[in-house]
Amino acid sequence: MKYRKLKKTDYSAYEAIRKESLATEPTAFSATEEKEGSIRQERFEKMLNSPSNFIIGAFEKTTLVGIAGFFRFEGTKAAHKGMIWGVYVQQNHRHKGIGKKVVEFAVNEAWKDNAIALIQLGVGLHNFPAINLYANLGFESYGVEKRAFIVNGEYIDEYLMVMMRPGTEDKEE
Numbered sequence: 001m002k003y004r005k006l007k008k009t010d011y012s013a014y015e016a017i018r019k020e021s022l023a024t025e026p027t028a029f030s031a032t033e034e035k036e037g038s039i040r041q042e043r044f045e046k047m048l049n050s051p052s053n054f055i056i057g058a059f060e061k062t063t064l065v066g067i068a069g070f071f072r073f074e075g076t077k078a079a080h081k082g083m084i085w086g087v088y089v090q091q092n093h094r095h096k097g098i099g100k101k102v103v104e105f106a107v108n109e110a111w112k113d114n115a116i117a118l119i120q121l122g123v124g125l126h127n128f129p130a131i132n133l134y135a136n137l138g139f140e141s142y143g144v145e146k147r148a149f150i151v152n153g154e155y156i157d158e159y160l161m162v163m164m165r166p167g168t169e170d171k172e173e
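Per our numbering, residue 1 is the first one in the sequence shown, and the count goes up by one each step.
Treat the hints as calculated values from the structure; they're not laboratory data.
Be a bit skeptical, because a hint or two may be false.
[Claimed, not checked] Calculated lysine-lysine pairs in the DSSO-like style (CA-CA distance at most 27 Å, straight line): (1) 8 / 81; (2) 96 / 19; (3) 100 / 19; (4) 77 / 8; (5) 46 / 100.
All chains should be built: construct the whole structure from the sequences, respecting the hints.
In structure tokens:
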């Protein structure tokens, strides 16, 4: 398995796996194909043109089988934060450590930007395997967003998690 940042030439593979993720795991993502489909390529290219935003891909030979995105918040007051988003591994490649590796790669890549002090993510409260994966990587819970999104008339609560930059401590006043 090879892990790397996606390039512009990976768009078709990214589009296919992203469509698959939204179709097969609708309760795992707040995005929908209807809203994202028409702007996906533009967002993809914009993300790849940013020095702080990226998508990590897991490739089996030349086939993209897993992804994890990262973006840095904009604005002076929030630029110290980033977010992992869109984590997905194709069903026939699960339980092989690919999800862990793709998120680890994204986290390690994010830490290369010394301005990033913390990384956040959200995961459906019902998604125990993903919660455990993130906890094992060092993410900690900081709350639950009730009714974060709605899928087919069902509210999805989102478990909010954070990882602080290693070696940093919160300073008490």
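How the hints compare with the structure:
1. The hinted pair formed by residue 8 and residue 81 meets the criterion: a straight-line CA distance of about 25 Å does not exceed 27 Å.
2. For a cut-off of 27 Å, the pair hint linking residue 96 to residue 19 stands: about 22 Å separates their Cα positions.
3. About 21 Å separates the Cα atoms of residue 100 and residue 19, which keeps this hinted pair within 27 Å; it holds.
4. Using a Cα cut-off of 27 Å, the hinted pair residue 77 and residue 8 is violated, with the two alpha carbons roughly 30 Å apart.
5. For the suggested pair residue 46 and residue 100, the alpha carbons sit about 26 Å apart, so the restraint of at most 27 Å is met.
The structure fails to meet hint 4 from the earlier list, while all remaining hints are met.
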